[in-house]
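Here the protein sequences line up with chains H and E, keeping their order.
Okay, so the first sequence: first residue is 1376 according to the numbering used here, each after it adds one.
Okay, so the second sequence: first residue is 21 according to the numbering used here, each after it adds one.
Where hints are given, some of them may not hold.
[As the list claims (entries may be wrong)] One-sided and incomplete, this derived list gives chain H residues near chain E with beta-carbon spacing under 10 Å:
{"#": "1", "residue": "P1431"}
{"#": "2", "residue": "C1435"}
{"#": "3", "residue": "K1449"}
{"#": "4", "residue": "Y1474"}
{"#": "5", "residue": "K1646"}
{"#": "6", "residue": "K1673"}
[Said to hold, decoys possible] Away from chain H, derived, C-beta distances all over 10 Å, residues of chain E:
{"#": "7", "residue": "D107"}
{"#": "8", "residue": "G112"}
{"#": "9", "residue": "Q165"}
These are computed hints drawn from the structure, not numbers from a lab.
Every residue, glycine too, gets a C-beta built ideally from N, C-alpha and C.
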Amino acid sequence: MPFQSIFVISEKKESLYELCFGARKLSDQVTAVIFGDRTAAENVADCGAKCVLYCPTESCIPEDYCKAIASEVKKSPCALVLLNNSVRSRCIAGKLGAYLDTAVITCASEIVADNGDIVCKRTVYGGAAISSQAFTGSYGVITVGNGIFGDIDAKYPVTEKIEQISEKPECTVKIIARNEKKSGGTNLAAAKRIVDVGRGLASEEDLDMCNQLASLLDAEVGCSRPVAENNKWMPISNYIGLTGTTVKPDLLFALGVSGQVQHIAGINKSKVIVAINKDKNAPIFKNADFGIVGDIYKIVPALIKKLS
Amino acid sequence: MNMLVCIKQVPDTTEIRIDPVKNTLIRDGVPSIVNPFDAYALEAAARIKDKDPSSQIVLLSMGPEQAKNALKECLAVGGDKAYLVSDRAFGGSDTLATSYILSRAIKKIEETEGKFDIIFCGKQAIDGDTAQVGPEIAEHLGYPQVTYALEVFVDGEKVKVKKEIEEGYEMIGVQTPCVITVTKPSFDPRYPSVKSKLAANRKEIATITSEDISDLDRSKIGLKGSPTKVKKTFTPSVKSGGVKICEDSGSATAKKLFEVLVADGII
Ligand SMILES: Cc1cc2nc3c(=O)[nH]c(=O)nc-3n(C[C@H](O)[C@H](O)[C@H](O)COP(=O)(O)OP(=O)(O)OC[C@H]3O[C@@H](n4cnc5c(N)ncnc54)[C@H](O)[C@@H]3O)c2cc1C
């Protein structure tokens, strides 16, 4: 099914630009939907979209706009909706899927036009296989990780068409409090060097050692999913992989990362991978350009000394 | 509180292997487990019941007959009753079709069990990893929803949810009836006791088929109701191995690594 128009929805500026850039490769009819006021919309007027729709959020949350967004999408006879992979976007994607009566393809790792079909690749069975899927109806919803479209190498004119979304939000839940965790805010997708920390790290304090290595290399610090999700040592936005961020640095240091397929899916676009792992059979070595069989607690401090 | 928890039986994805010769998935002999996020969802419901023992926890799973094993496991750790939705006509359903069937089944179960205040799901299934079924059930039912819950607190009719977001967490207030999807909390689900296992084994699990759901729209179920098609499935490729460095000591290894990285102009 050829999709004439694409709606890009994002709460974050960087991913909005990235998604619009990706959407423009597939269609020129791109509409950006953002959460915020008119000024926020004007700030992203050069994202590549023909039209920017803004959804004010002083008195509600982005999820409350799903029905309103679905009504906008339905004005096109057939359309795709593209979102990033954040917690919020995945929820919005599910709601939109239900309103548009279509499926959601989550965590696509590649989207290409193929004989009029839009074909998405995604990993299934916990990463053991990749499946390419296409929509069969008039609408489709896709979520993608950061970094799948490559570097933005196009500049788009500023759009004049900035409008408030026409339907009102439906406020169903209320935020009582908000608590923000430590830093985050790193832009892993754009980082040129990354120190990638896995569960080989024994305690949260040992992150100091990794941060130190990172600052000597002028690198950002990312991690595997369990380090963020189970140990909660780093914000979720810092984990790399299939369901997290896809990175493509010139140099990636994987410290105590076993190299499960889901993690590899996020790092295999790196130019050079250096892996340090004490298990010589760790699958990470199959993907590493430089494999070091050894203890990170011995090698990283020595490396820090060498680099200082 | 009258609560329903959706349970999916999934292959243990850490055990899935690829046949190196045929390049296909080896599915035989892969153990089935309760989707871990569903176990967390059940624990969240069980904790509400600990505080208010008049609460009821009903379990619902869609799948083949063997999914009853997963339901039995869950009956031993907090579930009071369990229903299995099972029918050949449901085969091939994707998330949209699945969530539609589950939402109709919930309506059907409510005829016997009364209206549910909270419908719990895991935030995602580890095999499909789509995180869509929960939000879609909520929309089919027209209920408010909170995703990625870490903890759920009940105070009368009011429900408060500690929700995980990328940058930390939010406290969300929501009215019942609602749908809540649960992520990994800081605590582990409870274990069954010998007694609770025996009791669970004695419980009957009712099966609901497509015939039992009177107002089921057949164009929305199974393969027909699934608006995507799979073009092909293949195994991911790997980079061929690179240089191995293994000196006698940590510092010698670090030195060697440093030298090769400098020599190759990488740092
Ligand atoms: C559907 C699905 C999606 C997933 N998506 C992602 C994703 O997007 N990103 C992701 O990262 N994971 C994802 N996972 C999880 C993934 O399968 C792995 O469980 C995870 O990547 C493992 O993280 P790890 O390598 O840090 O930990 P482990 O697998 O526990 O590996 C730790 C490694 O550290 C080594 N080690 C221990 N001590 C030392 C030491 N002192 N010195 C050196 N080495 C040491 C060990 O040998 C081991 O290899 C997903 C899983 C599923 C099922």
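Comparing the hints with the structure gives:
no.	hint	result
1	P1431	19 Å, violated
2	C1435	12 Å, violated
3	K1449	15 Å, violated
4	Y1474	7 Å, holds
5	K1646	8 Å, holds
6	K1673	3 Å, holds
7	D107	20 Å, holds
8	G112	12 Å, holds
9	Q165	8 Å, violated
Figure legend: structure checked against the earlier numbered hints; hints not met, in rising order: 1, 2, 3, 9.
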